[in-house]
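Each chain is listed here by its residues.
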Amino acid sequence: MGGYFSEILYGSKSLLVGMGITFREFFKPTVTVQYPYQTIKMSARFRGHIELIADAEGKPKCVVCGMCERACPSGCITLGSTSVEVEVDGKVKKKKILSKYELDFTKCSLCGQCVENCNFGALEFSKEYNLASTRKEDFHFNLLKRLEERNA
Amino acid sequence: MSAPIQLRPDETFILNVGPQHPATHGVLRVKMQMDGEYIVKSETVLGYVHRMHEKMGENRTYAQFLPNLSRLDYLGALGYTHGHVLAIERAAGIEVPERAEYIRAITVELNRVASHLFWFGAFVMDLGGFSPLMYAIQDREHILDMLEAVTGARLTYCYYRFGGLYNDVDDNFIEAAKRFIPRMRKSLKKYDALVTGNIIFRKRLEGIAPVSAEMCRKYGATGPVARGSGINFDVRKNEPYSVYPEFDFDIPVYHECDSLARYRVRMDEMEQSLRIIEQGLEKLPDGPFMAEKKPKTIKLPVGDYYQAVETARGSFGIRIVSDGDKNAYRLKLRSPTYSNMHLFDEACEGMLIMDALAFMGSLDLVIPEIDR
Ligand code: SF4
Ligand code: SF4
Numbered sequence: 058m059g060g061y062f063s064e065i066l067y068g069s070k071s072l073l074v075g076m077g078i079t080f081r082e083f084f085k086p087t088v089t090v091q092y093p094y095q096t097i098k099m100s101a102r103f104r105g106h107i108e109l110i111a112d113a114e115g116k117p118k119c120v121v122c123g124m125c126e127r128a129c130p131s132g133c134i135t136l137g138s139t140s141v142e143v144e145v146d147g148k149v150k151k152k153k154i155l156s157k158y159e160l161d162f163t164k165c166s167l168c169g170q171c172v173e174n175c176n177f178g179a180l181e182f183s184k185e186y187n188l189a190s191t192r193k194e195d196f197h198f199n200l201l202k203r204l205e206e207r208n209a
Numbered sequence: 004m005s006a007p008i009q010l011r012p013d014e015t016f017i018l019n020v021g022p023q024h025p026a027t028h029g030v031l032r033v034k035m036q037m038d039g040e041y042i043v044k045s046e047t048v049l050g051y052v053h054r055m056h057e058k059m060g061e062n063r064t065y066a067q068f069l070p071n072l073s074r075l076d077y078l079g080a081l082g083y084t085h086g087h088v089l090a091i092e093r094a095a096g097i098e099v100p101e102r103a104e105y106i107r108a109i110t111v112e113l114n115r116v117a118s119h120l121f122w123f124g125a126f127v128m129d130l131g132g133f134s135p136l137m138y139a140i141q142d143r144e145h146i147l148d149m150l151e152a153v154t155g156a157r158l159t160y161c162y163y164r165f166g167g168l169y170n171d172v173d174d175n176f177i178e179a180a181k182r183f184i185p186r187m188r189k190s191l192k193k194y195d196a197l198v199t200g201n202i203i204f205r206k207r208l209e210g211i212a213p214v215s216a217e218m219c220r221k222y223g224a225t226g227p228v229a230r231g232s233g234i235n236f237d238v239r240k241n242e243p244y245s246v247y248p249e250f251d252f253d254i255p256v257y258h259e260c261d262s263l264a265r266y267r268v269r270m271d272e273m274e275q276s277l278r279i280i281e282q283g284l285e286k287l288p289d290g291p292f293m294a295e296k297k298p299k300t301i302k303l304p305v306g307d308y309y310q311a312v313e314t315a316r317g318s319f320g321i322r323i324v325s326d327g328d329k330n331a332y333r334l335k336l337r338s339p340t341y342s343n344m345h346l347f348d349e350a351c352e353g354m355l356i357m358d359a360l361a362f363m364g365s366l367d368l369v370i371p372e373i374d375r
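Line by line, the protein sequences are chains G and Y. Just so we're on the same page, our numbering is the position in the first sequence counted from 1, plus 57. Just so we're on the same page, our numbering is the position in the second sequence counted from 1, plus 3.
Keep in mind the hints are simulated off the structure, nothing from the lab. Misleading hints may appear alongside valid ones.
Claimed, not checked - Under the rule of at most 16 Å between Cα atoms (straight-line distance), these lysine to aspartate or glutamate pairs were calculated in the EDC-like manner:
#1 G:K70 - Y:D195
#2 Y:K189 - G:E82
#3 G:K164 - G:D195
#4 Y:K181 - Y:E274
#5 Y:K193 - Y:E274
#6 Y:K192 - G:E82
#7 Y:K181 - Y:E101
#8 G:K151 - G:D161
#9 Y:K335 - Y:D148
#10 G:K118 - G:E108
#11 Y:K206 - G:E64
#12 Y:K302 - Y:D148
#13 G:K184 - Y:E151
#14 Y:K34 - Y:D348
#15 G:K202 - G:E159
#16 G:K98 - Y:E151
#17 Y:K193 - G:E82
#18 Y:K286 - Y:D261
#19 Y:K286 - Y:E249
#20 Y:K221 - Y:E349
#21 Y:K329 - Y:D348
#22 Y:K296 - Y:E101
#23 G:K98 - Y:D148
#24 Y:K299 - G:E82
Claimed, not checked - Some chain G residues close to chain Y (C-beta under 8 Å, calculated; not the full set):
#25 Y67
#26 V74
#27 G75
#28 I78
#29 P93
#30 Y94
#31 F103
For glycine and all other residues, C-beta sits at the position ideal for the given N, C-alpha and C.
Please take these sequences and the hints and turn them into a complete structure.
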C-alpha cells in the first residue's frame, strides 16, 4: 500500500516538474523565422546549384576542358563548344569557346565534385535555395543564359 | 508486463502498420498478426526505398561514390562518410594530416549528438509528448548551423575527402562549438527532468520489451541497442580508428535490457560525445587539412578491404573488393539499423501493440539506411 501512495506522490511531482519546465519555455524569445516574409542569410559555404563565373569581360571563364562533366557522379552536366579562330600575336589559332552549359538539377546531389575539379576557377555555388516548382523542366538550367542575364 | 496469450488462430487478424506510418519515420511496413491488442507474430517488410547504393558503388569511381554515403543515414551522415574515406585511405596508403582527423572526430561527434537529439524528440513524440521534440530540434539547429557553415550542407554532407577535408574549419566554428557545449549540458539536464523522470514515460518503458544480450548476438545488433542489453561493445574503443585513442571518454552500458535502458544509453552518449568534442577542440593541432601526397585518381591495389566505424546507430562496416581498377569490383555496406531492426520480429511476440511501437522507437530506425 505504501508503494502505491509513494508512486502517486512521485508521479504528481514528476508531472509538476515537467510542467514547470514547459511553462518557463513560454517566456523564452522566439527562435523561428516567418518564412517567406523573413529569410536568413545563407552561410558563405552554402552549396546551391552551380553557376558559371565570368571573367573581366563578362565572358565565362570556362575553357571547355570537360573535367566537371567527367567528374560529376550523376552526369548532370552537358557541355557544348564551338571553335573559333582568334589572332594571337599575329598568328591565327583555333580556340574552343563554350556554347552550351546545361545543368540537370533534378539529378544533382550538390556534392561539389565539379567545382573542385575545375582547374580554371570557372564554377561556383549559388546561394539560391528558393527553388520550388511543379514542373521538372524548371530544373534544367541553362547556365550560359543565366550568366548573360546576370551580365545584362 | 504483457500477459501470456491464448492462441486461437480463428480469432486473429492481420494489422498492417505502414508502409507510411508516421510512427516509423520512413517507409517500413510491418505485418502484424494480432490477437486483440496483443501481437502474435510480426513480419517486417523492407525494400520500399531501395536505391542500390552498393551497385552504384561498383559503377562509380571511389570519389564519385562519396555523396552516396551521406544518403544512407540522413540523420548521422558524417559517420558513414568517415568509414568510407578511412577504408580507402588505409587501402591506398594515404597519410592523413592530424588536424584533418581531429576535425573529422569533432564533426562526427557533433553529428552524433544531432542524430541522438532528433531521435530523442521523435521517440518521445511516439509516446505522445510533443514539446520535447521542439526543444530537441532547437538544440539540433545549432549543430546544423555549425556544420552548414563548414560543410555547406545541413544533412547530406559531402565533407571528407580522401586524404583530408573539403575545407578547413574557421575560428567561428570553434567559437560556436565551444559555446554549444555548456548550452547542450544545460539542455541535457532539462531533458532529464522533463522526460526521464516523467511517470508516464517510465511506465511505458521500464521493464518493457526486454532484448537479451543473446538475442543481440544472434541478430548482430550493435550500437545503443546492444549496449542497452549489457554488451560493452563500441567500435571506437574495441577497434580504435582515427584519433579516438587520444580521447578520454566512457562507453555507457546498461544491463536492464528494456526500452528505458536503450534510452539511457543514448542520453549518456550525448554527454560522452560532448566530452570528445571538448577535448578535440582543445587539442586541435595546426597544420594542413589535406594530405600533400595523394594520387589524382584513386586506384586500390588488388585485395579485400574492410573498415568498421561506430555511427550513431551502431557499427557500420564497408567492405571493398578491388581488382585494381578505378572502381570497386564489389562493395558491401553493413548497416547497423538493418541488423538492429531484425530483432523486432522476435522480440515483439506477445507484446501489446502500443508497447511494440515504443519498442520500435527505442531501436532508432532510419529506414533509408536499411534500404540502402
Ligand atoms: S555538384 Fe556534384 S552532382 Fe551536382 S553537378 Fe556538380 S558534380 Fe554533378
Ligand atoms: S572544369 Fe571548369 S573549365 Fe573545364 S569545362 Fe568544367 S567549368 Fe569549364
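- Query: Going through the earlier hints one by one, which of them does the structure break, listed in rising order?
  - Reply: Numbers 7, 8, 9, 12, 18, 21, 24, 29 and 30, in rising order.
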